[in-house]
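Engineer: Protein chains in written order, with the numbering used here: chain P, 1 to 167; chain X, 1 to 493.
Warning: the hint list may mix true and false statements.
[What the hints assert, rightly or not] Simulated DEER-style distance windows between Cβ atoms:
(1) X/137 / P/105: 39 to 45 Å
(2) P/102 / X/421: 38 to 44 Å
(3) P/117 / X/394: 38 to 44 Å
(4) X/421 / P/141: 39 to 45 Å
(5) X/280 / P/102: 37 to 43 Å
(6) P/139 / X/484: 44 to 50 Å
(7) X/357 / P/142: 42 to 48 Å
(8) X/309 / P/10: 16 to 22 Å
(9) P/8 / X/42: 21 to 27 Å
(10) X/421 / P/117: 37 to 43 Å
(11) X/394 / P/72: 45 to 51 Å
[As the list claims (entries may be wrong)] A few chain X positions that, by computed beta-carbon distances, are all more than 12 Å from chain P:
(12) 113
(13) 116
(14) 229
(15) 411
(16) 436
[Said to hold, decoys possible] To give a feel for the contact side, a few chain X residues facing chain P, derived at Cβ under 10 Å:
(17) 63
(18) 152
(19) 418
(20) 447
Just so you know, the hints here were simulated from the structure itself, not pulled from any lab data.
Using N, Cα and C, we set each Cβ at its ideal position, and we do this for glycine too.
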Amino acid sequence: MIECPNCHNQELPGALFCRECGTQLVDLPGMTTQTIPDSAMNGAQPDLLEHLAPPPPTDVAISIFIMGSGEILPLEGRTEFTLGRSAEGQPVLPDIDLASYRAYEAGVSRLHVSITLGNEQALATDLGSANGTRINGLKIPPHKPVAVKHGDILTLGRLRIQLLIRR
Amino acid sequence: MTKETLYDRLGLPRDATPEEIQKSYQDIARRLHPDLHIKPGVTDTFLGIQEAFEVLSDPSLKTEYDEQLPSEAKLPYPVVVSAAFSRKMLVRAFGPQLVYSLVDLNVRQELLTDNRPQLNLCLVIDCSTSMQGVRLDTAKETAIELIHQLQPTDILSIVRFSDRAEVLLPANNLSEQRNADLEIQMLKASGGTEIYQGLNLGMHEIRLYRKANRVNHIILITDGRTYGDEQSCVQLAEHATNLQVGISAFGIGGQWNDAFLDSLTAKTGGSCRFISNAKDIRNFLLDKAIGLRHIYANHVTYHYETPPEIDLSYAFRINPDSTPLSIGSPIILGAVPRKGRLSLLLEFHVNSIPAGITEVTLGEGRISYQTPANLDTATFIQRLEFKLPVSSVLDSSPPPPALVQAMSSLTLYRIQEKARADMARGDYLAASRRLQNLATHLLAQGQRDLARSVMNEINHIQQHQSFSAEGEKQIKYGTRSLILPTGTEDKQL
Numbered sequence: 001m002i003e004c005p006n007c008h009n010q011e012l013p014g015a016l017f018c019r020e021c022g023t024q025l026v027d028l029p030g031m032t033t034q035t036i037p038d039s040a041m042n043g044a045q046p047d048l049l050e051h052l053a054p055p056p057p058t059d060v061a062i063s064i065f066i067m068g069s070g071e072i073l074p075l076e077g078r079t080e081f082t083l084g085r086s087a088e089g090q091p092v093l094p095d096i097d098l099a100s101y102r103a104y105e106a107g108v109s110r111l112h113v114s115i116t117l118g119n120e121q122a123l124a125t126d127l128g129s130a131n132g133t134r135i136n137g138l139k140i141p142p143h144k145p146v147a148v149k150h151g152d153i154l155t156l157g158r159l160r161i162q163l164l165i166r167r
Numbered sequence: 001m002t003k004e005t006l007y008d009r010l011g012l013p014r015d016a017t018p019e020e021i022q023k024s025y026q027d028i029a030r031r032l033h034p035d036l037h038i039k040p041g042v043t044d045t046f047l048g049i050q051e052a053f054e055v056l057s058d059p060s061l062k063t064e065y066d067e068q069l070p071s072e073a074k075l076p077y078p079v080v081v082s083a084a085f086s087r088k089m090l091v092r093a094f095g096p097q098l099v100y101s102l103v104d105l106n107v108r109q110e111l112l113t114d115n116r117p118q119l120n121l122c123l124v125i126d127c128s129t130s131m132q133g134v135r136l137d138t139a140k141e142t143a144i145e146l147i148h149q150l151q152p153t154d155i156l157s158i159v160r161f162s163d164r165a166e167v168l169l170p171a172n173n174l175s176e177q178r179n180a181d182l183e184i185q186m187l188k189a190s191g192g193t194e195i196y197q198g199l200n201l202g203m204h205e206i207r208l209y210r211k212a213n214r215v216n217h218i219i220l221i222t223d224g225r226t227y228g229d230e231q232s233c234v235q236l237a238e239h240a241t242n243l244q245v246g247i248s249a250f251g252i253g254g255q256w257n258d259a260f261l262d263s264l265t266a267k268t269g270g271s272c273r274f275i276s277n278a279k280d281i282r283n284f285l286l287d288k289a290i291g292l293r294h295i296y297a298n299h300v301t302y303h304y305e306t307p308p309e310i311d312l313s314y315a316f317r318i319n320p321d322s323t324p325l326s327i328g329s330p331i332i333l334g335a336v337p338r339k340g341r342l343s344l345l346l347e348f349h350v351n352s353i354p355a356g357i358t359e360v361t362l363g364e365g366r367i368s369y370q371t372p373a374n375l376d377t378a379t380f381i382q383r384l385e386f387k388l389p390v391s392s393v394l395d396s397s398p399p400p401p402a403l404v405q406a407m408s409s410l411t412l413y414r415i416q417e418k419a420r421a422d423m424a425r426g427d428y429l430a431a432s433r434r435l436q437n438l439a440t441h442l443l444a445q446g447q448r449d450l451a452r453s454v455m456n457e458i459n460h461i462q463q464h465q466s467f468s469a470e471g472e473k474q475i476k477y478g479t480r481s482l483i484l485p486t487g488t489e490d491k492q493l
C-alpha cells in the first residue's frame, strides 16, 4: 500500500493519483523542485545592513516583503500560512503563492515553509524543502519550528523575503 | 464489397489460433443451437457458423481456404492501435496493484482516402411544454441550418415527441426535402416527455435508409425526465447497437436525467452532452454532425477476456466526446475519426501475480469495426492484447506525461462521481469535503469558472442538503470536458 501524503488515504501500488483528494502520487521530470548548487546559495546570504526593513504593518499582524520586487503581501485571515509556489497538476496549493516572483528559478519548493503566529511570537518551519530555508543566512533544520521576529530575512532557496511583524 | 469470410462469421481475426476457433465456435453454438430456436433465420446463421468451423478447424482445409482468400483481405488493418502503460512492468513483491493504459486508435494514414460517409440522421426533438421559448426556437433554427449544410445525398428525418410521437419530416434524401423549413417552423410545444415514444419512432425512420456505407445516428434533444419507460429505452438502445445505429443526446437545463441518458448513449457508442445555455444547441449539434461525417471506423467494439486475477476496473473514452464506458465485454468504444484519434484510458486491477510467470496478460481479445466510407471489407476484426512483463525490482521510470495528464483530469471527474455517491448516501459532509478538494484542484489548474460552480454547489449542499439540479450537471460535464484534449479537427460538414 502507498499512503497519500495529503489525506493519508491508502492506495494500491501503481496508483497515480489519490482517489480521495486527488493528490498526484508520482513525480514527473520537470515537476520536482530544481536543486541549486550550494555556492549559488551562499551568494544569496543577505547583507542585513543593506536592507532596512519597511515599517511594521499597522493593519495586519504580519506581512512579507518580497525583496527584489518591492512588493509587500499581507498575511491575513488565519494564524498559519504556508509559502511555496504553485505548479501545474499540484494538488495542495500554498496559502501564499510565490510563483509570480520567479520562485521556480529561485529553487522554491511547492510547499517550502510555514509561518505560524502564536500569542507571544511567530514561528517559521521549513516543510522539508529541496533547497532549505535560511533565517538571516543561517540554515534551519526541516520540520522544526524556529522563532522569528520583525525584520528577519527568510531565504527560500534563493528567494529572499523579509518578515514584517506588528508588535 | 467483399464477401463475408469464414473468419468474419466466427468473429475472429485472420490469424486466429486453433484454440480461438474452437472456443468461438462453442460460444456461438451455445447461443444459436437449432434445438433452442425455431426461427428459420437463426438456423441458417447456425449452419453458416458450422460450415466455417468445419473448414477452419481442419488444418488442410484451412490452408486451402486461406490461399483462395482475396488479396485485399490480407491488407494491413486500417486502424493502428498503440497502448502506453503507467508502468513498464508489474512488480511481484507489491501484491495487489494498479496499472493504467492509455490506448490510441488511429487511422493508417496511407489508407485514408477523401471519401466521407453519407449521413443518415434522425433528429428526435422533445416538444414538451418546458421546451417552449428559446429552447425550441433554437432547436428549430438549428435543424433548418443543418438541412442547408448537409449534402443532397444525406438522409434526414425529424421526429417530434411529447407524451406521444409523430414524424415531422419522413426520412428521405435531402434533395427531396423541399418543404422541410416550413414543417419545422410549425413545431409547437405541448405535453410531457416520453423519450421512448420519440426514440422508437426515430429508430423506425433510421431503419428505412439504414445502410452500411452510411453513418446511421439518432440525435435526441430533450429537457425533461422520462418516467416509467427507461427499461424500454435501454432495450431499444441495445437493439440500435445490434443494428449499428448510434444514439447521442443533448440535455438542456437541469431537469433531465443525465445518468440515464449517459448510459443509454454510451451503450450505442454515442455521446451525451449537457447544455446550460439554450443558444449552445446550435454549436453542439452542428459539431456533432461534423463529428459523424468525419468518422472513419464506426462501432468499434472490444470483446475481451481477463484472467481471473485481473479486473478491468474502469474504462473511459477521452476522445472523441469524453465519456465513461460501461465495463464488461463487449465494450462499445465509439468511433475512430479520420484525423485525430479514439483515445481510451483503462484501469487494470491486478489482484495477484501467479507464481512462475514472467509476463502478465492484463486483457486479450479483439476489436471489430466497420468503415462506412470505404466498404472494401464488411467488418474488420483485429486482435487487441495488453501484456506487461513481471519484474522483481522496482521500476522507477516515470509514467508517460500524456497518461499522467489524462489521469489528472480523470481523477477530478471521479472525485465528482464520488461526491455524487456521497450525496446519494446522504453523507453531505463527505460530499462537501470532496467538492472542496475538487475546487482547490480546479483553481490550481486555472479553471476559475468551474471552481466557482463547485463552490456554489458546496453552499447549496450546506443550505439544502442537496445538489442544485443544474449545478450538479455543470460540475459533471464541466470536469468531463477537461479531459477532452484540445486539437485541430475538421470543421467541414
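Engineer: Which earlier hints turn out false for this structure, listed by number in ascending order?
Structural biologist: 1, 9, 15, 16, 17, 18, 20
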